[in-house]
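Chemist: Listed here are the chains, written in short residue letters.
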Amino acid sequence: MNAPDRFELFLLQDGEKKITEKIFTGLSNTSDFILLKEDHTLGNLIAEHLKQAPHVLLAAYKIAHPNVPEVMIRVQTDGTITPRDALRQTCQTLVQMYFALGREFQKEFALRQFADQGDQGGAGNAGGQGGPY
Amino acid sequence: MLAEIPTMAIDLVQIEDNSTVLADEFIAHRLGMLPLNAEGVENLFYSRDCDCDEYCDRCSVILSLHAKCTGDENMHVSARDLVPSGERISQTLGNPIISDPDGLGPLILKLRPGQEIKLKCIAKKGIAKEHAKWAPSAAIGFEYDPHNKLHHLDLWYEQDAKKEWPPSEYADWEEPPQEGEPFDYDAVPNRFYFNVETAGALPPDAIITEGIKVLQIKLAQMVKDLSEGDGDGNGAYDGPRSPEFGGGGADGWGGGQDPGFTTPYGNGGNQSAWGGAGAGGGTTPYGTTPYGGAGGSSW
Ligand SMILES: [Zn+2]
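Keeping their order, the protein sequence lines are chains A and P. In this text, residue positions in the first sequence follow our numbering: the first is 453, and each later residue adds one. In this text, residue positions in the second sequence follow our numbering: the first is 24, and each later residue adds one.
For the record, the hints were derived by calculation from the structure and aren't laboratory data. Hints may be right or wrong, so weigh each one.
[Unchecked claim] Partial pick of chain P residues on the chain A-facing surface, computed with a CB cut under 10 angstroms:
1. 153
2. 232
3. 246
[As the list claims (entries may be wrong)] Now the stretches of chain A that chain P is said to cover, found in silico as 3 or more residues with beta-carbon under 8 angstroms:
4. 540 to 549
5. 554 to 566
The beta carbon of each residue, even a glycine, is placed where N, CA and C say it ideally should be.
Sequences and hints are given; from them, build the entire structure.
Modeler: Encoded structure:
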């Protein structure tokens, strides 16, 4: 049958590269990046953050067909840095931001749990009733 | 990102005996939906990355079920009756989640007097992009700007929008707009409210933390790819096409008018039509796949 393998949505096949850069000649300092096996999660996130990055003039993404797990991101810079560097820096910044977010979340959650336990005289936890947690 | 957090779910069912009113497939499907404990799932291999042929203790958890109705009344078989067996990585990983007051867990099927069910389930690690049964959460709520200060919403109303739209539960968390306050054109949403409801496999806070981790891994992998691949040849990219488009020509899509490309699905082989023919650069710090993979699986 012609049913696609279930993992084709998120696993790179043999010989596929995660990121391919293609220089876009219609604009100066512009490249298209093609991310294979990704979706709006990464496309939207990166494009939105690229727009806030320094030296970036244009950033946008598209998913040309909903059945095809490919993201295209177009980046134009002012020439101080290459689009590739802009994308790399944005990704690095995002990793650090998520690091901070994760740390803050765990800290706040622990505090909250502690406070809730105080309220209920040590019984139960912040999550809910009855469950295994 | 809550679609890509690895959890456990029953993926294979070997049925030895089934004299119930339900068909084998039907039962197998029900079993697949059961939430299983996913704490410590990072220590388990994906089956596709494992050395074994089909499944083994390093990439799966075995649960067996054997029940026969010997009494005069119908018997209920529930998740509690699944018995884990084999060498397990931890004593909790893969256990059915039981959170009801009676301690029975979800009902799988019912047996009439004399009926019997005997089967073996193989639970594997996976993500919800492959099948929704691996989703760690049943529902994620998301909201921002409860007072609609940014005017991102245009509220429908009959007489008075204020009366007809009850305030959100987060409305108390933010200052309501003042009467006659000028609209702030520069304002952007900067406060987001998430409501995470778990299916039981992971506690809600772990879902958030794991989601962050998955995103970080993705982004870190991108940084790595972007750093090492400097200056290598890029395959030509002609944009993705619908898998059905053109294709074999035998279907009703306009026949063989459109030669010159293969569809991503079918056509045998791994040759996908989408660019990226460039060789090399495939090894990642996480093994051959970006997920888990051989070697240390501690993210
Ligand atoms: Zn195995």
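Chemist: Going back to the hint list, which numbers does this structure go against?
Modeler: none
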